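With the hints as extra help, turn the sequences into a complete structure.
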Amino acid sequence: MMSLYTYVVRYDSGFAPNPFYGFCTLATCKPKIRRYAKVGDWLLGSGSGDKKIGRAGYLVYAMRVTEALSFDEYDVDPRFLQKRPYRTGSRKQSCGDNIYFRKVSPGPWSQRDSFHSLPDGSTNPKHVGRDTSINRVLVSDDFIYFGGTGPSVPANLKDKLGRHIVHWSVGQSRFDDAHLLEEFGRWIRSLGDMTYRAPPYEWLDLRKKK
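Okay, so the sequence shown: first residue is 1 according to UniProt numbering, each after it adds one.
The hints are simulated quantities; they were obtained by calculation from the structure and are not laboratory data.
Among the clues, some could well be false.
Below, computed lysine to any residue pairings styled on SDA-like, alpha-carbon distance capped at 20 Å [claimed, not checked]:
1) Lys126 - Arg112
2) Lys52 - Ser13
3) Lys126 - Phe115
4) Lys126 - Gly107
5) Lys126 - Arg136
6) Lys38 - Asp141
Pairwise CB distance ranges, derived in the manner of DEER restraints [unchecked claim]:
7) Ser110 - Ser190: 39 to 49 Å
8) Lys160 - Asp72: 32 to 42 Å
9) Arg102 - Arg35: 11 to 21 Å
Treat the numbers as computed from the prediction; the structure is a model and nothing was measured.
Where a beta carbon is used, it is the ideal one built from N, C-alpha and C, also for glycine.
Given below as structure tokens:
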């Protein structure tokens, strides 16, 4: 049975999820979703309700999970080498999420300089522990990413208990109501090309401040 997992993308920076180079990937954060979501399930991330952002209820991205990899597999897969972060490169290069690797498996994890590192680029043990607690990366080649310009999620997308699919707080929600999932799929497909459509909110916010 297919499921839909929804949550708030608190920091829409292009890092988690990372929608670049032809794949949308969730390689960090959200350990519960990375643990339980299976191939064929959908993820929906909505905007932050922080008063400085004001994007609660708006679509950031949706992806159908088409593959799940271990960090070891993700690290060396030629398709995802471009997702290794290059912090002094472009915005797209700097937010790479292919950040975990190890010299020997099993063995300790190393962390590339990334959004989850300490300010000086060194390893952040807190993030390493949380991210690698679930050795699983979710991958999609069937996704739509609107970043900071997404449409509002329709009010009628509710399950039989009256729960709207938008998750409004910390954590995540899971839905498996067949009728709801059918309506959700119809809405997502109605939005047009399934691909990267617009920049992350944080990129747009930086442009405003220039």
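> Among the hints numbered above, which are violated by the structure, and what are their numbers in rising order?
Replying inline: No hint contradicted; all consistent.
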